[in-house]
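Chemist: Required output: the full structure, derived from the provided sequences and hints.
So the sequence shown is numbered by this note's numbering: it starts at 12 and just counts up by one.
Bear in mind the hints are in silico, worked out from the structure with no lab data behind them.
A few of these clues could be false.
Said to hold, decoys possible - Here are the simulated SDA-like pairs of lysine to any residue, each with C-alpha atoms no more than 20 angstroms apart in a straight line:
| # | residue 1 | residue 2 |
| --- | --- | --- |
| 1 | K181 | F46 |
| 2 | K17 | Y222 |
| 3 | K17 | A49 |
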Amino acid sequence: MNETEKVVTAAVLVIGDEILSGRTQDTNTNYIARFLAALGIDLREARVVPDVEEEIVAAVNALRARYDYVFTTGGIGPTHDDITADAIARAFGVGIDYHPEAMALLAARYSNPADFNEMRRRMARIPLGGELIRNSVSAAPGFRIGNVFVMAGVPMIMRAMLEDVAPRLKRGRVVTSVVIETRLPEGRIAAALAQIQSQHRGVAIGSYPFYREDGFGVQLVVRGREEAAVAAAAAAIEQAIRSLGAAPMRVARNGSRASEESS
12 MNETEKVVTA AVLVIGDEIL SGRTQDTNTN YIARFLAALG IDLREARVVP DVEEEIVAAV
72 NALRARYDYV FTTGGIGPTH DDITADAIAR AFGVGIDYHP EAMALLAARY SNPADFNEMR
132 RRMARIPLGG ELIRNSVSAA PGFRIGNVFV MAGVPMIMRA MLEDVAPRLK RGRVVTSVVI
192 ETRLPEGRIA AALAQIQSQH RGVAIGSYPF YREDGFGVQL VVRGREEAAV AAAAAAIEQA
252 IRSLGAAPMR VARNGSRASE ESS
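Modeler: Here is the structure:
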């Protein structure tokens, strides 16, 4: 990658007591990471904070100062513990009020105006200066203010919001990866990996041991933005595996494996 080419970075802030208590499993971070990777955006950090305004404000301000984008999930529903919008307004030092377009979107959902009660109207409160994020699932919008995108915690709704967010994001160069699997124990190849990494500084090499019913081994992942550099490091790893008397296997994106010795 050209040294002057800026990497686009992001962070995820997961908000909610239900995540920290274990009641709800966070699947949004994984989805966002994959979504951003396809756009060439590096997810550099993920945090989880409770439904406490001071902690949300502190985390938002720390993350938005450090990364190009921050994506928050959770806390924008109609109940008393949905305090994310207020916390974001406080983090940016702005007021918060009912957004006319958000009010119209939500009101249109209810055939009986009486059903659009005070608590449901809370979902139309947007920090001043915020731009709406469309929600094709339930109409209740998220919003963007500065470099912070505030989205729902419900996975289906969050994913719908991400589709509206995507056109607003700067793209980076997509990371290329190669996955090599071997039945060697991780410790046998660790020294060779360290040497290869020192010789191929333009890529990142990760080692991930596995244990299955048919035995153990390790997956070695090479990642980088220059395809030639990734290919060179991968070839060096495969040669190291062969020199240790084992067969390297490339793992395709669909999970299939093919031994290079037999291809």
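Chemist: All the hints need checking, so say for each whether the structure fits it.
Modeler: Results of checking the hints against the structure:
{"no.": "1", "hint": "K181 with F46", "result": "13 angstroms, holds"}
{"no.": "2", "hint": "K17 with Y222", "result": "39 angstroms, violated"}
{"no.": "3", "hint": "K17 with A49", "result": "17 angstroms, holds"}
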